[in-house]
Amino acid sequence: MSCRLEFQNICKRYAGSAPVLQDLSLTVEPGELFFLLGPSGCGKSTLLRIAAGLIEPDSGRILADGKDIGALPPERRGMPMVFQSYALWPHMDVFENVAFGLKIRKMSAPEIRTRVESILEAVQMTPYIRRKITALSGGQQQRVALARALVLDPSVLLLDEPLSNLDAKLRDAMRTEIRRICKEKELTAVYVTHDRREALSMADRIAVLKFGQVRQCGTPREIYRMPRDRFTASFLGDVNFLTGCCLGREDTFCVFETEVGKLRAAPGWGDPPAPGETRTLMFRPESVRFDAAESEINSFSAQIRESWFLGEITQTSLAAGSFVFTANEQAAPDRAHGTGLRVRISPEHLVVLSPDPEED
Amino acid sequence: MKLFLRKIRPGVLLSMLFLCVFFTLFLFLPLFTVLREGLNFGVFLEIFRNHLYREGMWNALLISLTTTALVFLFSFPLALLYDQFEFPGKSACPVLMMAPMILPPFVGALEFQQILGHYGVLNSLLALFDLGPVDFLGGGGRFWSVCLIEALHLYPIAYLNLTTALANRDPALDEAARNLGIPAWQRFLHITLPLTKPGILAGGSIVLIWSFTELGTPLMFGFNTVTPVQVFNGITELGTNPAAYSLVIVMLLFSAVLYLAGKFLLGAPSTATAVKGIAGSGSRILTGARRFLPGLAFGLFTFLAVLPHLALILTAFSESWYRTILPLHYSLIHFQNALSDKLVAPSIANSLRYSVAATVLAVAAGFLAAFLSCRVRSRLSRLFDLAGMLPLMIPGIVLAVGFLGMSIRYEWASLLFDPVANPVLLIAAAYAIRRVPYVLRAAASGLEQTPEELENAARNSGAGPLRALWKITIPLIAANLLVGALFAFSFSMMEVSDSLILAQKAQFYPITKAIYELSQYLGSGPYVAAAFGVWAMAFLASSLLAASILLGRKIGALFRM
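If you read the protein sequences in the order shown, they are chains A and B.
For the first sequence, the working numbering gives the first residue as -14, with consecutive numbering after it.
For the second sequence, the working numbering gives the first residue as 23, with consecutive numbering after it.
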């Protein structure tokens, strides 16, 4: 049932505004839970609506299993969408909302009933089958919206920030639920969000978008651990940046002269840095290891500036000369302000970034 | 253009074509005819030299300004009471406030004379105390009577707009002012009043233009030196004397100036009203005996406003009513006479025919213009929205004269809009074009409140554009469409200016013209007219009641366009 979805060189500009999508190309593999992640206005929802046929691109092609579907109206694309607002029809009850698409497809009444009941059971909404939409909570509405899309047995499911209106606890529960259903039904799903945690915890692959262009596409681990540029690195989570001058290579690592001394770093994406070239390096706060030995490579001295106990971790701000950075530590002992210690960042976790296409 | 035609859906293209034909035929061509025939410098000069015409314009302007001031004097306190307090009977207020609208003001004028006339109710009451008689309708009394009767008919329009503007403002703004220790009257002056500007402008401009161009009421009071009556009297010479056209152009210019002056004085709509409060309505619950005061105020005011209606009913049921506070003897004879009169039955059928046709046309044009404006959002579709709202600015009498002018000027129009042989399309079109704004705004407000996402979801579920429209959009805005249709139908049934001007043969008279003609009969004429007026009033009241039953608790929305 699942389908391969390709976006080829999609461009879109609304009248009187900057381009929303700029020559964007992407491929979503069959059965993949694919996330479009980016800040507001990056074009992710526009891309989803283009896939659904609700917006026409200025140029470019959309292929489903190799067939160009660009000319098909929304009703003939077979790509149901779960809207951010849920877009449930208030003049219909739960059953009627879910059954609408099946009625349009002229299915028999018994078959409609069977399918609606079955999908409502899957989303645990059976007790509310005759409930008015207005009498449902946000989470219940979200489930009905999902059921309305899933009941059509689609090959591609589109989800536009479906969890953004839910509280944190319900959001966590629904993440698991949506992923379970998508995987059970082997759906190709395109999911739009600006919530990195949602993307990292659910996605098979993520495309990070900015200004209508894909900045990086990969598995959650890839783009979190080895982001291509500063924007992707900081959008995916807390990060420390350090500038260094490349001295050359040692084994698989690049050696940089930085303000905290010589450091080895993983070369990252794109062209490897040439000797003498200045590049930005990045490491995540949780990659910092405290109390390293002086002899260890990639270690340097730092002083504690401030620390915050955040429950499962303690976040510490440190300074090594003028370089200020953040480190996260689990089960950290109490350390006084000004305490000197030696920290280490393993070369695998210190990543060389590609130069940004534009100044961030 | 090619790209536009390629991208546009056939349904949208057809809708645009329909609206182009509709507005050209029923709005722009009549206007063009008036301008073409009336833009004559010599005639203008003659009009402004003639002291009767000058007096007519001055009187029309004074009536308009006084009526508008009275309307706000009546409606603002009531709107504030409705907005600020929770009180017993509040849910009945919207219906109460609509009560005056079920009777055209000129019929009210007929009965106002029964109350204020030399031998009317008030003088009979004064006679009990050996006072009077007072000539209420003599001298300036006639002017004030016209203003009062028009204000009592039109205040619901201002009231509806004010309550909507008050409901749309963020209660937190008032709460913030209260929190800063600003006293109530200062809050009203500096917070509430500026935020209700859109409502004042919307209601005020309709009332201003309506009362400036009202024909029936001054005609009924015999107040002939006002421009609309002068135009009405000049209709018979339309083919030979262009004065009526030029007078109509003067009215059009005055209306535009009045509207622009209002807009200038009130400034741009406040952006703060666009932010709707999330803290609830902010209205206070009154306790003790005080909780009955707002309801009492509404009740008393409505009683005052429906006095002409009550007088109409009493007149209709009285054998005769002369020099007494109440009629001495009651009878059904006038109802029998009304039903047997050769004018009455055909006029009911005519009014129904014209109004149904007008409603169909107005709903079709209003809905399509609203849909194009809210959903297609091209420059062209915004033009349709503008064209649809234009009739609010253009006095009915202008268009009526324009239609007549078309039938005289163009041969094809004389076939289509023949006022003598078959005026059905002529009158229906004249009724319809002036009702389009009601349907348009009602439908647009429904469409604006209905997220487009709901239609997208239907398309996304497999429904085509027409099916999505039929299954999702129309059911969701059905109440709004019904409101628009109801307003279009009710106002068409009670339309005066177009009816008096365009229905020229007795067999084509609609209800209002029949009532006017009956009231001119000597002897029992006014009684028969009153009986017929009661029929008409009952008919309109029941149509409003039916709508309230149909809409259930949504009746409040019906009165908040």
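Think of the hints as simulated: they come from the structure by calculation, not from any bench.
Certain hints may be false.
[What the hints assert, rightly or not] Lysine-lysine pairs mimicking BS3-like chemistry, simulated, CA-CA at most 30 Å apart:
id: 1; chain 1: A; residue 1: Lys117; chain 2: A; residue 2: Lys88
id: 2; chain 1: A; residue 1: Lys88; chain 2: B; residue 2: Lys493
id: 3; chain 1: B; residue 1: Lys219; chain 2: A; residue 2: Lys117
id: 4; chain 1: A; residue 1: Lys91; chain 2: B; residue 2: Lys112
id: 5; chain 1: B; residue 1: Lys285; chain 2: A; residue 2: Lys117
id: 6; chain 1: A; residue 1: Lys168; chain 2: A; residue 2: Lys88
[As the list claims (entries may be wrong)] Rough simulated footprint, nothing fancy, chain A against chain B, three-plus residues with beta-carbon under 8 Å:
id: 7; region: 478 to 487
id: 8; region: 491 to 500
[To be verified] DEER-style ranges, computed between Cβ atoms:
id: 9; chain 1: A; residue 1: Ala153; chain 2: B; residue 2: Arg200; range: 44 to 50 Å
id: 10; chain 1: A; residue 1: Ala153; chain 2: B; residue 2: Arg489; range: 36 to 42 Å
id: 11; chain 1: A; residue 1: Ser103; chain 2: B; residue 2: Val378; range: 53 to 59 Å
id: 12; chain 1: A; residue 1: Glu81; chain 2: B; residue 2: Gln358; range: 50 to 56 Å
id: 13; chain 1: B; residue 1: Pro497; chain 2: A; residue 2: Asn150; range: 22 to 28 Å
id: 14; chain 1: A; residue 1: Ser103; chain 2: B; residue 2: Leu374; range: 48 to 54 Å
id: 15; chain 1: A; residue 1: Ala94; chain 2: B; residue 2: Pro497; range: 18 to 24 Å
id: 16; chain 1: A; residue 1: Pro4; chain 2: B; residue 2: Tyr432; range: 47 to 53 Å
Beta carbons: idealized from backbone N, C-alpha and C, even for Gly.
Each hint tested on the structure:
1. Lys117/A x Lys88/A: Roughly 19 Å separates the two Cα atoms, so the pair holds.
2. Lys88/A x Lys493/B: At roughly 11 Å apart (the allowed maximum being 30 Å), Lys493/B and Lys88/A satisfy the hint.
3. Lys219/B x Lys117/A: Cα-Cα ~38 Å, so violated.
4. Lys91/A x Lys112/B: violated (47 Å)
5. Lys285/B x Lys117/A: violated (44 Å)
6. Lys168/A x Lys88/A: holds (26 Å)
7. 478 to 487: holds (count 10)
8. 491 to 500: holds (count 4)
9. Ala153/A x Arg200/B: 44 to 50 Å: Given range 44 to 50 Å: violated, Cβ gap about 35 Å.
10. Ala153/A x Arg489/B: 36 to 42 Å: Holds - the Cβ-Cβ distance for Ala153/A and Arg489/B, about 39 Å, lies within 36 to 42 Å.
11. Ser103/A x Val378/B: 53 to 59 Å: Once the Cβ atoms are compared, 48 Å apart, the range 53 to 59 Å for Val378/B and Ser103/A is violated.
12. Glu81/A x Gln358/B: 50 to 56 Å: holds (53 Å)
13. Pro497/B x Asn150/A: 22 to 28 Å: holds (24 Å)
14. Ser103/A x Leu374/B: 48 to 54 Å: About 53 Å separates the Cβ atoms of Ser103/A and Leu374/B, which means 48 to 54 Å holds.
15. Ala94/A x Pro497/B: 18 to 24 Å: Holds, since Ala94/A and Pro497/B (Cβ atoms, about 21 Å apart) stay within the stated range.
16. Pro4/A x Tyr432/B: 47 to 53 Å: Since Pro4/A and Tyr432/B have Cβ atoms about 51 Å apart, the given range 47 to 53 Å holds.
Taken one by one, the earlier hints fail for this structure at numbers 3, 4, 5, 9, 11, listed in ascending order.
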